[in-house]
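Colleague: Spelled out from the first residue to the last, the chains are:
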Amino acid sequence: MSAALGVLPASVRWHTPGVAPIDRLLTELRDLPRPERLPVWTLWRFHELGDVSQPPTVESPEWLPRAIVDAVHGISQHWQPSPVFGTLRMLEQLGVVSVEHDDTYVLAMVSALGDRWDGRVRTDALRRDAELRELLWRVFEVEGGGEVSLANVDKFSQPDATWARTFRDLLEDGTLPRGRVLESCLLALGRDFSAYRAGWFSQLYRSLEPTAAERVAHQPLLLRLLRSSVAATVSFAVAQLAVIAKSGGLDDDGYVAECAAAMVAPARSTATGAVKLAAAVAARRPDLVPAVAQALGAGLAHSHRDVQSDALAVLRSLAAREIVEARLDELEPSVRRAAAQWLGLPGTLAENVDPAVAVDMTHPLVPAGDTTVAELGARLLAGHLGAVDVERFLAQLAVKDTAGLGALRKQAGKVMSDPRWERTLRRHIAALVIMAAGESERVVTGPRTFLGLRLGEVVEVLVGRRAPTPLLATPTEPPGWLDPRVFVDRLAASPEPPTFDVVAALLRLAPEGRAEALQSARTLPGESGAAARYALGGKPADVVTRPLWVAAARARAPLADDPHLLAARVDGAGQGRAATYCLHVRAREYRFEQRGRTRVAVAYHPSLRVAPEGARERADQPTVVGPWDGHARSSAWHRLDADWTPWHAYIWPHDAEPFFAVRVDEVLTASSAYPTVTYGTSAILDALLTHPGRLGPMTAATLAAGLSTSDVQHRVIAAEACARLVPAGRIAASELASAMANLAGHCTATRWAATLRDSARSGQAAAAAVVEVLDHLLPQLGSNHPGLGAILETRYEEAVRLGLRAVREPARAWLESLRGGSKAARTARLILAEATGGDDRR
Amino acid sequence: MSDDDYAYAYLQESTVESIGGRSSVQLATSGGSSAGRIAAHPYFFDGFVERAEIVAAALLVVARVARTRFYTPPGMLAAVLRSADPVVTSDGRHLRFESFSACCGVYCRFDVLPDGLDRAPLETGTTNVDFNRTMREALAGVGGIDPIRLAVGTDELRVTTLDMSVVERRVPLPARWVKGLGEVQALAVGMDVRLATSGVALRRFLQSLPRGPQRGVLFAVPAGGGLRLASRPSTDGVPISAVERLRVVEPLLRHAPTVRVYAPAVDGEAPSAWQVDLPGARLTVTLSPSASRGFSGEGNLLTDLADDAAVADADLVSAVLAYDPAIEIPTLARDTGLAEDDVRRALTHVAAAGRVGFDLATRTYFHRELPYRPAALEAQHPRLRDARALVEGGHVTLGPAEAHVRSGASTYVVRSTPDGDRCTCAWFGAHGASRGPCKHVLAALIARRTTTDSPASPHVVDGR
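Residue numbers (this note's numbering), protein chains in the order written: chain A, 4 to 845; chain B, 1250 to 1713.
Please keep in mind that the hints were generated in silico from the structure rather than gathered at the bench.
Owing to the predicted nature of the structure, the values given are computational and were not obtained by experimental measurement.
One should not assume that every hint holds.
Claimed, not checked - The calculated label-pair distances, taken between Cβ atoms and stated as ranges, are:
#, chain 1, residue 1, chain 2, residue 2, range
1, A, E325, B, T1580, 42 to 52 Å
2, A, P349, B, T1321, 51 to 61 Å
3, A, E328, B, T1666, 19 to 29 Å
4, A, E217, B, G1269, 25 to 35 Å
5, A, K413, B, A1588, 22 to 32 Å
6, A, R319, B, A1369, 15 to 25 Å
7, B, R1318, A, G98, 37 to 47 Å
What the hints assert, rightly or not - Some chain A residues near chain B, calculated using beta-carbon distances under 8 Å:
#, residue
8, A385
9, P543
10, D545
11, R549
12, D761
Where is the CB? At the ideal position from N, CA and C, for every residue including glycine.
Please work from the sequences and hints to get the whole structure.
Modeller: Right, dumping it as structure tokens:
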């Protein structure tokens, strides 16, 4: 790019006496080298001239028209910070260029006619350019996308500099005809635009506050919008038609012909609004009753109880029995019961609940079968880092089985050099592959963790510092258990096992077969042998290497204090004493300015406390994690990439708590009202389904947060975990409820309600568990808790489905305390009416 | 026009009008064939189709799929979407409208059945149809339960007298469509009905899902008269990824008494086909195994395409295809004198050029002749091309249970196991056999066939 032109201010550059600035620019552009002919930049050069009223007297460079066309294309794709579209118009009017006024041109106008800080630029341009005003109507026809659309430009502009404001200003001063703007908005809404971009047109229409007469005139267009695929547009149309109906102007025939689509709009209020309008039509037009009844049948197929109830009530008044009977199986339990009673049919409901679906819990850990080390290496380098595959790969490397790994050298090199894989397990695997291929030691830096140090022991073998020996800790049973008899045999064949391998093996000892293994372990030599015997239930010996004895004690009685270690003063949490964890959530208010207004938001900061106090995380003792809080992630595990998670989960199959105590943090992030992208949440929640050990308060907290995540996959896994763990008693309903109450501020109650409904659909036991959890949870929530209505509705419908009438105390008393006409209070009364056998049913 | 471009030339733009209170859709056509001959503007049908609002909504779904990119690869955010126009095939009984999403991960087919048409189509053939913006907007306004008039193409004599100008539009040659159409039929052949549900249940299921994109693979399973998602496979579960792609069928579900879901019997990522049964019609949306996997990149045809012996059979099979509404393998075997297995392999070659599709509802193939003329078939399948190069370069050494394939500086081991061939390359490590064989497995396969077909040749194929 021309350096001389780039540094001089425009005022100096273009004021050569006797030469028009545009002539000078065109002359200079003619000599511009080809690589410097950048389209948008070229347009900017003209923009710097300011207003030019006289056509140039010199010829334009021949490449200029093409560059301007490309510039128009560029600004139609990328929102411009300054109003360069005005410059384009100037060049057209001066006859310098001629550009086709197609969709691209229209989007370029949307992008760059205005200034995002100053609304007057766009308004003035439109006031003075009649041709542009005619072109303006095309903005209602061209959707745009990415950075450039009316919706997006307005979203990131100052309130006074939006396109919507421009339209309002030009309507106010009479520059634009009001009727055409209103109608154009409705036509745009019928154009199959995305929901985000369609919203701009409905907002503009609303903001112009059309009169009743204007709305009536627009009725055909509004009726057509009832069939829109954009839910918000349907809501908008129903709201407008309701206003028309209020004024007595509704086209009854037209409405009845189109309203069925609105009855199934996702938003409850939209569908109930549509039902209400239909009911009114049926009341004043008996000839339309059959058509209204048909349309209301669609309302019965809505997923929301309120819509179904409203539609049923109208259908009952119309005596439309056949329509109701045909939809009976699609109704929510409480509505179905009411409908069945009206029809005189048996109201059995429980058949709607399937028997519990068997879930294959072992699936993620099923070994991949007969696989060579090279095939395993290729899988791991590709990111398929299942715990069993990692263990099997290490087991093969530990005996120097490296056949075929040379073929993976190039792939491993790529992983090592790619900054995306910093702190990942994948990078460690790549280093192992390179070393296995015979190259010198590769050091992968990262936090010291138990797993990292286990990898280090395999590195010792690969670089020749340790003799190849079979690993002790390779699991023999899913999901991660080690048969004690196999362990003893392995240890007997390995006189000097590496420490981390022994610790890993001890922590994985399965409960079964220990007595037999202890018999075989009598002659095992050394401290490892003594620790192994102690882990299997044998006698204690001197504690020299603490990690061995801590692991032995935690294998021997995983959840109890260990007298031998206490006597040896190895009495920290997760050592001689069993560790317990408690998650605290602290709410903190903060204020911020947005669009000129002060807003208040609440942030929730989690922290972990570990008892007994003074717990310290040690890489060689993975039976405890250290305390952490929301600001200072002190645990080494926090600093690892998500791809370590599956392997991390199976360090200690006896107890899931240390794992969840540190990993709950990520699930809390995924479950916040404004979640950021997380990468390990699925694997963390998956451990809820597969971990065989003790599940305590940290597990309950992870599940409570998981039930409120925004991601589909996370919610599905959490719903399954709830359906499996609570009925089986692995997590008590009261414990899950306490965890939910603890996180009630942080989590979103409506998400809880939806996920619990999904969980309940797994089977009757799961549905009963949901009711029990909610009975424990409700008394711990405030009567004005956001989303309480949805929670109560879940409680009500699932209880009706199961035929559970009783309400536990203190939930009953708490329900009785709800007063008023809120949705929550009304649903509470329905639940209580069930309990008392009353008939307070809709 | 560049070699990579394809030009549509329509006599006029497609239109939607209201004539005498009834909606009338006039679809303009471009290229392809009619009655076995190449035609510039085929004319297949002019009649009434049951019911206006359903046909309009279904055509909009086909058009929407064609112009939607459900997945944008990193670095492609600013890519201009120049989508291919849908194609319509008439076999003399059905009209089948087909489209692929711009990302090639969603395939949509709207079949108007004989029951839905008031008369049989005039001709057989395949052509492109124009779905311009104005026409789509008008189509969105079509409602009512009356039949809709639908014309696919026009009587050219009449058009000529009206002195209509030709509407031209250029798009990149939809080679990915051609590959995708071949892969979709190959995948469909391996699918069975896994569950059946109602339109109401599917709508509720879709509406209950969070709005964000779904990552990873989940399984749709029946639950309480509806559907729910599960994280683990089960016998009645249908694998599904990026379930939000299925929302395109939502406008039709109000009219659908039944939705049948087809999928192969596999545990992990897999395609699924969602067939929405409508009065007199069916709309099927087939989703690729994950959002980032377009059908065109799947390699399910490669094993059969590597079989040179099937090429001659494919020519024979092609010769007897004549837009039969249902092509059945036994019939084709009888007509050609080939064994049924040979017919299947030959059909793979024919399908790879997009010339046959598979109808899940009837479990039969159907014939189409795409308007596009893709370059040599093998150029469309880089893995196959590379595999042949490895064999021809003498880089494959066959052993009794494994083959060593030298590629660049690395030698990969291809091992035969009861679960299929395995390779030690990075590609196989990432995808396993779920996307067809890697080039090393293919090379070993070709080399084995070569030695089997030529008894005199050495057991070891090695150029050194």
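Colleague: Output the numbers, in ascending order, of every earlier hint that fails for this structure.
Modeller: Numbers 3, 5, 6, 9, 10, 11, in rising order.
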